[in-house]
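Novice: Read off the chains here:
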Amino acid sequence: MNAQMNALAQPQDGYTTADGRKIGPVLMEMKNITLRFGGVKAITDISFDIREGEIRAIIGPNGAGKSSMLNVISGFYVPQEGEVWYKGQKRPPMKPFQVARLGIARTFQNIALFEGMTVLDNVMTGRLNHMKSGLIAQAIWKGRAEAEEVANREVVEKVIDFLEIQAIRKTPVARLPYGLKKRVELARALAAEPSLLLLDEPMAGMNVEEKEDMSRFILDVNDEFGTTICLIEHDMGVVMDLSDRVVVMDYGKKIGDGTPDDVRSNQAVIDAYLGVAHD
Amino acid sequence: MAQSSQATDGLTSIPALLQRNAQVFAAKPAYREKEFGIWQTWTWADVSREVDDLALGLINMGVNEGDFIAIIGNNRPHLYWSMVAAQSVGAIPVPLYQDAAAEEMAYVLEHCGARFAIVEDQEQVDKVIEVQDRLHQFEHMIYLDPRGLRKYDHHRLHELRHVQEQGRAARDEFTPDLAARRAKLDYASTCVMLYTSGTTGKPKGVVLSNRNIIESARNSCDFDNLRAGEEVLAYLPMAWVGDFIFSIGQAYWSGFCVNCPESTETMQSDLREIGPSYFFAPPRVFEGMLTSVMIRMEDASPLKKWLFDRFMTVAKRVGPDILDGKPVGMTDRLLYALGQIAVYGPLKNTLGFSNIRVGYTAGEAIGPEIFSFYRSLGINLKQLYGQTEATVFITVQPDGEVRADTVGVPAPGVELRIADNGEVFYRSPGVFEYYYKNPESTASTKDAEGWVATGDAGFIEPGSGHLRIIDRAKDVGKMADGSLFAPKYVENKLKFYPNILEAVVFGNGRDRCCAFINIDLQAVGNWAERNNISYSGYQELAGHPKVLDMVQAHVEEVNASVAADPMLSGCQIHRFLILHKELDADDGEMTRTRKVRRRIIEDKYADLIGALYDGSAQIATKTEVTYEDGRKGYISATLTLRDAKVFPVTPHKMAEQKVAAE
Amino acid sequence: MPETLLYAIEVMTNGLMAGVLYALVALGFVLIYKASGIFNYAQGVMALFSAMTLVGIMEGRVPFSHLINAVLGTDIHHFGWHLPAVLSILMTMAVMVLLAWAVQRFIFRHLVNQEPIILFMATIGLAYFMEGFGDMMWGSDIKKLDVGLPQGMNSWIDETTYGAFGYGFFIDNLDIVAAIVAAILVAILVAFSQYTKQGRAMRAVADDHQAALSVGISLNFIWIMVWSVAGFVALVAGVMWGAKSGVQFSLSLIALKALPVLMLGGFTSIPGAIVGGLIIGVGEKLFEFFIGPMIGGATENWFAYVLALIFLVFRPQGLFGEKIIERV
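Chains as they are written, first to last, in this note's numbering: chain A, 1 to 279; chain B, 1 to 662; chain C, 1 to 328.
Because the hints were derived from the structure by calculation, they are not lab data.
All values reported here derive from a predicted model rather than from experimental measurement.
A hint or two may mislead.
[To be verified] Listed next, the in silico DSSO-like pairs over lysine-lysine satisfying Cα-Cα at most 27 Å (straight line):
hint	chain 1	residue 1	chain 2	residue 2
1	B	348	A	170
2	A	211	B	581
3	B	348	A	158
4	A	211	B	474
5	B	305	A	22
6	A	170	B	316
7	A	211	B	632
8	B	151	A	170
9	A	181	B	34
10	B	202	B	184
11	B	34	A	170
12	A	158	B	316
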């Protein structure tokens with residue numbers, strides 16, 4: 001299996017990380033993206049790529065345009081200029097729900113969960129796109145709909161087990177503390193079995209222990225399911241330990257791109273971070 | 001002893017019992033585990049196959065007879081099987097506390113000289129890897145859950161599933177060897193080695209033979225009529241002798257089913273789904289359940305609350321009598337039946353006690369209110385008194401003779417003796433073989449005639465023949481005026497209040513008693529919420545004047561009740577404070593089984609004790625704390641000290657009489 | 001049994017039946033409000049419009065006949081056929097789905113992220129537009145709607161109660177049918193929202209738009225669906241009410257009765273709409289019966305609103321609404 005993959009993967013189509021993971025060909029490429037809100041440029045002419053199996057981080061001080069970038073990838077913003085390429089094809093302008101249906105799942109910085117539902121129901125919504133039966137079919141072929149439901153529930157239970165949230169399965173989300181909500185949101189995104197997982201500040205507002213847990217989950221997700229992950233953080237320390245390659249943004253421009261070590265020694269990056277107080 | 005071997009039909013080892021069960025109970029469930037939200041079941045025949053595969057795999061890896069194999073993890077069927085597989089190949093399983101830090105594990109692993117360890121997951125693998133280079137005899141580690149371990153160096157690391165597969169593949173080659181090793185096991189061979197957490201000093205390895213385990217299991221199964229149909233929930237640490245007896249000894253003897261929860265946090269809902277017929281829990285678990293019931297009732301609708309209060313009054317009055325089969329009036333029976341439908345039934349269902357036939361609590365004294373609460377619901381909760389060295393059972397309460405203040409009569413086959421200083425001694429088929437590599441301790445604990453010192457002071461009640469435990473023998477001291485000082489007796493009374501989690505009473509050799517209190521964050525936090533008291537954490541809540549008022553009221557009530565007992569009336573608490581942090585096993589202040597380490601606390605908080613006795617109203621202090629990951633930090637606080645009302649001391653003539661009553 | 005009590009029971013039963021209709025209209029409000037945060041003032045007019053369309057289709061009326069005749073100088077009014085009720089209802093449903101699509105496409109798609117008051121104003125506009133449009137399409141005459149539902153006093157109940165109490169209860173067959181239909185409708189709605197993919201998506205959208213988008217739910221599709229479902233509920237209410245008192249403008253006024261129902265039941269709760277409807281229906285009939293004569297009658301006009309007002313003071317979130325907690 002491994003030998004086969006090696007044979008297929010051309011040198012220019014990937015690389016091997018320090019810990020021995022094989023990184024595949026380019027999954028998503030952003031080409032010269034520019035995003036404006038009225039006259040204000042949020043993103044200026046940024047290009048970078050995300051490879052299969054990679055943990056890719058976008059970092060930068062607050063207001064650097066990281067979240068805007070993530071919103072461009074997930075279809076919440078449509079850039080005025082530039083192209084988004086996904087799985088070797090140019091992606092036409094799309095609505096967020098269409099992007100989600102392409103297998104790109106995301107979480108939000110401020111947590112967007114269905115507060116009125118239980119954890120299980122929330123995670124089940126991640127499977128909506130995997131439910132094939134139409135409305136009429138669901139009414140008529142009850143058996144088939146049930147079989148589908150069971151299959152989806154199985155995937156969801158694996159995710160629940162993986163993220164260790166079994167104990168809150170039936171708890172309404174509104175009652176959970178912040179750290180667990182973040183985990184449930186991750187679970188919902190994972191339930192979709194995404195090809196690309198976007199995490200918007202997964203560690204924001206967490207204490208040290210919760211941050212460590214979340215880092216472990218992110219690494220495990222990548223390791224277990226081979227999920228490509230693109231995450232945003234403004235806390236440099238966490239990102240450097242987690243990611244394979246890092247894009248650094250400042251005032252909407254790309255000021256660095258490379259391995260964590262490359263980026264750390266990049267003068268522009270050092271300047272940008274020195275200019276910003278730690279928060 | 002030879003005759004008891006006959007009584008067990010030549011079944012003189014756990015692997016032998018397994019082979020019997022695989023035939024007699026072949027299709028009956030032996031283990032269940034909740035995984036991915038569904039209960040998976042293994043029959044006794046399945047278990048026998050799994051254990052065989054693993055045993056063959058262990059031989060394949062080079063496990064020799066007499067090797068020690070450490071087992072580390074939460075209650076998982078595969079880990080239980082690992083213990084039996086180890087026994088099958090003539091090795092000795094050594095279950096370790098899964099929440100122990102790497103350092104603590106290093107001591108035990110080195111002390112027993114384990115060559116192999118079978119562990120649950122990445123967390124445990126990491127801990128062992130951290131210390132394995134220091135362990136002289138350590139060779140291989142086998143893990144159950146491969147998650148996160150793919151990238152680890154697998155030279156000395158193996159997945160349990162693969163070990164089993166390899167064992168299966170080498171079946172033809174090793175089966176004769178396995179059969180031969182199994183045939184060698186008899187009553188005298190070691191069944192398991194368990195490390196006692198020890199309230200002082202380093203842990204000691206208690207060696208228990210097959211005789212110890214099987215005789216104890218047989219006697220206790222007979223005592224409570226435990227049969228193959230029982231369901232138990234295995235959730236207490238595997239390293240604890242109680243879990244070994246319940247989940248292996250009794251389960252293999254009687255062939256009942258052991259259920260493993262999905263995770264530690266889901267224990268309560270798993271309990272509800274399983275509805276065990278036989279259940280064991282230390283008092284704190286029963287306390288915790290009662291507290292959460294009470295909290296839920298506080299938030300319930302007025303109608304529900306009214307129903308609950310009315311019917312609980314009825315239950316309290318007649319429930320225990322109905323349970324014990326004593327005569328109860330027709331009206332009360334009718335009311336109780338009504339309550340069964342309206343309150344007790346649903347409540348027992350929520351708690352997971354719908355099917356319970358026998359329940360035990362042990363390890364610590366249980367609050368009389370808590371105890372009678374469960375009994376009044378019709379749950380046959382009883383107390384037992386035991387030790388690792390006794391293979392659990394010393395005394396148990398027979399059905400119909402259950403009380404909160406005694407620990408019962410000697411268990412079947414147990415002889416009891418009270419020494420002159422009040423210390424309790426016992427002799428039984430369950431008495432341990434020896435402490436591993438520690439002949440001095442063995443000699444000082446177990447004498448030539450097989451009598452074992454419990455370290456607890458107590459007396460046998462003249463009328464009933466029930467044993468009553470006062471305190472740890474070495475903790476029972478004298479006050480300055482010569483009266484008896486029994487701190488645990490007072491502490492237990494304090495801990496019976498849901499608001500008080502822990503208490504430590506001082507006063508040995510002093511003229512009066514003082515106490516440290518830990519509040520129960522859940523209970524007091526809930527109270528604070530209802531009373532609009534905002535707080536950011538334990539420390540702030542602990543220092544709140546209203547909380548102090550509340551605790552003071554509790555302390556004074558306890559004083560009143562202590563004063564009523566002539567023997568111990570000198571132990572009333574004159575001053576107390578609420579500690580600014582919770583006592584924690586990570587800080588060494590408690591054992592892993594949550595017993596207070598008195599000496600350590602006395603040293604660590606010497607400044608606070610000083611302040612209690614010098615009469616100051618406030619004291620500023622700084623305390624070192626250890627976080628779960630081993631890092632250390634400091635917290636500082638200013639504590640308020642309070643005086644509590646004490647009640648007239650009655651003369652202690654009775655005291656000598658009572659202790660001498662043995 | 002004393003006579004007054006028997007009367008009261010009869011009045012109450014009639015009130016329950018009226019309440020069912022209030023509940024049906026309120027249900028339409030709740031559906032749209034939950035999913036999109038729009039308070040749809042046009043719900044009542046939708047009921048009227050759907051009933052008019054149903055009559056028009058069934059009787060084979062030519063839509064816009066006045067307009068066509070005026071422009072082309074022709075004199076056509078009827079196609080000359082009479083369609084069966086079931087077929088007509090299906091066709092009317094198709095019209096309501098089309099309407100839902102149009103409402104979404106031409107109005108609310110342009111008003112995304114606007115203030116609730118603006119959305120509300122848009123629905124007022126929609127209400128008057130639809131009223132005029134309906135008249136233009138089908139004429140403004142009072143129409144008789146007969147889809148074959150049983151009408152008149154239920155003689156079995158009359159006889160049984162007469163036998164038992166010496167007083168025969170007057171209960172209209174149509175009311176009984178309305179209650180049954182409403183119960184079935186609610187059961188279907190609950191099953192739909194709990195067990196189908198679309199229902200789950202609908203609940204998701206009702207809870208959080210952003211999150212719904214991120215799991216691949218098209219808001220537009222869900223909103224069209226919700227307006228269609230609300231249209232379906234309006235159709236049922238329209239049929240019931242129309243069969244009872246004819247299809248006329250006053251039908252749209254029952255929508256205003258749904259307002260106090262919502263105050264009582266909460267704007268976001270389906271069970272609230274039902275219970276609220278029943279309470280108002282029974283309450284206003286009983287009040288009229290017992291208190292009415294003492295204060296000069298006609299209390300049915302204002303009772304519901306005053307009750308809602310009292311409720312607002314003591315429990316602003318309604319009986320079943322989510323608790324409103326203002327954090328400071």
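Novice: Hint by hint, say whether it matches the structure.
Specialist: Hints versus structure:
For the hint pairing residue 348/B with residue 170/A, the CA-to-CA distance comes to about 20 Å; that is within 27 Å, so the pair holds. Taking the CA atoms of residue 211/A and residue 581/B, the gap is about 24 Å. The hint holds against a cut of 27 Å. A distance of roughly 31 Å separates the Cα atoms of residue 348/B and residue 158/A; the hinted pair therefore is violated under the 27 Å criterion. Among the hinted pairs, residue 211/A with residue 474/B is inconsistent with the structure: their alpha-carbon atoms are about 45 Å apart, more than 27 Å.
For a cut-off of 27 Å, the pair hint linking residue 305/B to residue 22/A is broken: about 61 Å separates their Cα positions. For a cut-off of 27 Å, the pair hint linking residue 170/A to residue 316/B is broken: about 33 Å separates their Cα positions. Distance hint between residue 211/A and residue 632/B is fulfilled; the C-alpha atoms sit about 18 Å from each other, no more than 27 Å. Straight-line distance between C-alpha atoms of residue 151/B and residue 170/A comes to about 34 Å, which puts the hinted pair past the 27 Å bound.
For a cut-off of 27 Å, the pair hint linking residue 181/A to residue 34/B stands: about 24 Å separates their Cα positions. Among the hinted pairs, residue 202/B with residue 184/B is inconsistent with the structure: their alpha-carbon atoms are about 33 Å apart, more than 27 Å. With a C-alpha separation of about 16 Å, the suggested pairing of residue 34/B with residue 170/A holds against the 27 Å cut-off. Between residue 158/A and residue 316/B the CA atoms are separated by roughly 45 Å; this puts the pair beyond 27 Å, and the hint is violated.
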